[in-house]
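Visitor: Guided by the hints, dock chain B onto chain A, whose structure is given.
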Amino acid sequence: MKLLLIAESREGKLLGGSYELMAFAQELGAETAMFLVGSEADLPKYDGTLYLADVADAGEYNPEAHRALILDVIDKEKPDSVVFCHSSYGWDLAPRLAYTLKAAQISEVVGVADGNMVVPVCNSKLRREVKAGTAQTVITLQNGAFGLAEDPAGTPTVEKISGGTGTVIEFSGFELAEAGGVDLAKAQVIVSAGRGIGKPENVALIEGLAKALGGEYGASRPVVDSDWVEHNRQVGTTGQTVTPKLYVACGISGAIQHLAGMKKSEFIVAVNTDKDAPIGEVADVLVVADLKQFVPVLTEKIQAL
Amino acid sequence: MKILVCIKQVPDMESKFKVDESGTWYAKTDLAWRMNEYDEYAVEQAVQLKEQCKEGDITVLCIGSDQVKETMKKSLAMGCDRGAHIKDDEASGKEPFEIAGVIAEFAKDKDFELIFTGMQSQDRGSGQVGILVGEMLGIPSVSTVVEFSYEGGTLDLKRELEGGIKACVKVSSPAVITCQLGLNTPRYPTLPNIMKAKKKELLSIDIGDLLRVEPRQETMKMYFPEKKGGGLVLEGEAADLADQLIKILKEKTGVLA
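In the order they appear, the protein sequences are chains A and B.
Quick note, the first sequence lines up with residues 97 to 401 if you use this note's numbering.
Quick note, the second sequence lines up with residues -2 to 254 if you use this note's numbering.
If you're looking for bench data, these hints aren't it; they were derived computationally from the structure.
Wrong hints could be hidden among the right ones.
[As the list claims (entries may be wrong)] Derived SDA-like pairs: lysine to any residue, alpha-carbon spacing no greater than 20 Å straight-line:
1. B:224 <-> A:369
2. A:371 <-> B:221
3. B:224 <-> A:384
4. A:227 <-> B:212
5. A:227 <-> B:215
6. A:360 <-> B:212
So that you can see chain A by itself, here it is in the shape it has in the complex:
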């Protein structure tokens, strides 16, 4: 089996997901070639052929151009599967490529079983095994599902490629996250609020517990999207990645995007009414309770210590 791995970079910097693609290939024992729109200044440690298009020509976000470049490489390498990260880059480009290739696309793969791809369903509550009906496939991998390649080493054989134009979508730059505010990465204890807090007034409960534990409070995406908590306190893929000594997830079901941002915390406590919530997968302790009743009691008892 041969895989074409689509690595990613941003502003010339290689992104870590590229090593997850290699880990997937290692698990399958597949032959690989790699494709990257990036910079010669930051190449992956990789023992193989790397087709490199200069981001200065191909653009940071230019799906038309990137597709055309990948199609040229596919012509040469004839891979069985083209593998992307399930990222803002991958989930945008993969369906476009699959469409042109007339290939099945299987999204957010978390495992392989009996030659079929395993993907999550319903916020990771269920799993689904998917069989592709086309010889060639396009696959995106869930962030973190396959880990990083073991001891990536080597210097790639770089084959420079160019060409591929795209004029329909015009990219005009990045907007960085608002600076300032809280640096959750430095906090030893983080207590986070999820959708289960129910209303903005209840943020105070979470903040109170965080204070009692000498930490900071954070939030999951829905709470930030509702403007109940400012964005610089968001934990998860599109917010901050944190590794405190203690992480308390209150009313957070545990969407993969949130888990990716906190699962490496040293000790995780989840407070949730749903015993089957995916947060239970990463929690050291799952307290099955309504946070609105439990958190004030816990806070009071900790303050009384």
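Guide: Below, chain B alone, put in the same frame as chain A:
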């Protein structure tokens, strides 16, 4: 301006799921159903655009059994003008390429200036349909949009990337936009608008009239993931739970030392 919004009805994700008899999907009984969360942002953006332009006609499309009409009525009450219900009792088994094919077949001769979809569904989560619709219709698509502005056929968009970074993107209509959470604040339908929605046109079309593509993938099996966490589960009275947790935190973490 003609606008199409594509929505899906999904189970509430807090539901207790069961695998059905076929072993390839979740049982559809005993579930609470709602509009796919991402699609609420799509509906809201379409309605805001119509309000901004002071003219427009919004069609909301949904594929599924008669049950999905309830969810369609919500989007009509939010401000969509008409509904196109693609009747299909087997919709859950359709893979993204088929769903996109049906939408594109419906849209191809209707000159929609903008097509809004959610960036993914909460149940399948494939994130393919919107982009595939754009490919099939030969119009540009931009995914994962968190900021949207429209001026005379030009769209200024921001895509959400990882780590709080956004990519600024410009594209001309016609185009497909896939909506990410946080793009706007979806409105709650008011009672008068719920009443008005009952009189809006809700056209029913059989799936067979629009399905022209073959599936490219098949679900072989559905099951619950193995619990690998092995974490401790505590149940009981709040005060008792708090005491137990404090004991654990003292033993296992340095936090309360």
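Visitor: When the structure is checked against the list of hints, which entries are broken? Sort them ascending.
Guide: Of the numbered hints, just 6 does not hold.
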